[in-house]
Amino acid sequence: MLGIAVAVIVSGALDLAAIARGWTKARYVWKPLTMLLILMMAWMGADVGESQAVWILIGLVLSLAGDVFLVLPSDRFLSGLVAFLAAHLCYIVSFSQQSAGSDSAIGAAIALALFGLAFFLLLFRGVRSAGGAGLLVAVACYILVILVMVWSAVRAGDSLLLAGAVSFMVSDAILAWGRFMKNSLTGELAVMVTYYAAQCLIAASLFV
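Numbers 3 to 210, taken from this note's numbering, label the letters of the sequence shown in order.
I should point out that these hints are in silico values taken from the structure, not numbers from a laboratory.
Check the hints yourself; a few may be wrong.
What the hints assert, rightly or not - For each label pair, taking beta carbons as the anchor points, the in silico distance ranges come out as:
1. Ile112 - Lys184: 27 to 37 Å
2. Tyr30 - Ser106: 38 to 48 Å
3. Val31 - Phe126: 14 to 24 Å
4. Ile108 - Gly24: 38 to 48 Å
5. Asn185 - Ser76: 38 to 48 Å
6. Ala142 - Asn185: 15 to 25 Å
7. Ser186 - Gly109: 16 to 26 Å
8. Ser131 - Leu4: 42 to 52 Å
9. Ser81 - Leu4: 30 to 40 Å
10. Arg127 - Leu4: 45 to 55 Å
11. Val139 - Leu74: 16 to 26 Å
12. Ala120 - Gly51: 36 to 46 Å
13. Leu4 - Ala115: 34 to 44 Å
Don't be surprised by glycine CBs; every beta carbon is placed ideally from N, CA and C.
Can you build the whole structure from these sequences, using the hints too?
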């Protein structure tokens, strides 16, 4: 376990270095490798007899597929979007099976809905310019699904899952802003730091 955790940190750091240095081809290795190592770490802690653990593992596999699509030299953004959308749906199923009925669920639902609407309106022009009505619908669906994932984590009452879900939401928000509004090196680094943190936290929940 410790060895894989160290490998995740090293591989993730090398991916961040590749971003900072502009080593695009190096990312073909380090980005999917980091996710593969996180998947291996999750497998070590998973009870495959438990449905919620299996759904998390499937979500991690789909996330790995999404990483491959997004790192390819050709633009596979929509393919990556679909893969991560499916991953979030798997996480929702898993988190829902662990629901503890948190008292804060209603307040969280309202706050998340307001945030999602505001963020979509901020992105509206950029998304429409990039892909028209079809992409607007796809992005709206994606935002809805990730908000439901965070809400499911709130209801689960698991601090690791909640931290992972919120980190995922932050990562995707920064990614969308960079994609459709204004990109920056700092933003690209922040996307990956929060993304790796999210996946590690979700994987770590299987050990508790």
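Do the hints match the structure? See the list:
no.: 1; hint: Ile112 - Lys184: 27 to 37 Å; in the structure: holds, 29 Å
no.: 2; hint: Tyr30 - Ser106: 38 to 48 Å; in the structure: holds, 42 Å
no.: 3; hint: Val31 - Phe126: 14 to 24 Å; in the structure: violated, 36 Å
no.: 4; hint: Ile108 - Gly24: 38 to 48 Å; in the structure: holds, 46 Å
no.: 5; hint: Asn185 - Ser76: 38 to 48 Å; in the structure: violated, 18 Å
no.: 6; hint: Ala142 - Asn185: 15 to 25 Å; in the structure: holds, 21 Å
no.: 7; hint: Ser186 - Gly109: 16 to 26 Å; in the structure: violated, 33 Å
no.: 8; hint: Ser131 - Leu4: 42 to 52 Å; in the structure: holds, 47 Å
no.: 9; hint: Ser81 - Leu4: 30 to 40 Å; in the structure: holds, 35 Å
no.: 10; hint: Arg127 - Leu4: 45 to 55 Å; in the structure: holds, 48 Å
no.: 11; hint: Val139 - Leu74: 16 to 26 Å; in the structure: holds, 24 Å
no.: 12; hint: Ala120 - Gly51: 36 to 46 Å; in the structure: holds, 42 Å
no.: 13; hint: Leu4 - Ala115: 34 to 44 Å; in the structure: holds, 41 Å
The structure is inconsistent with the numbered hints 3, 5, 7, although it conforms to all the rest.
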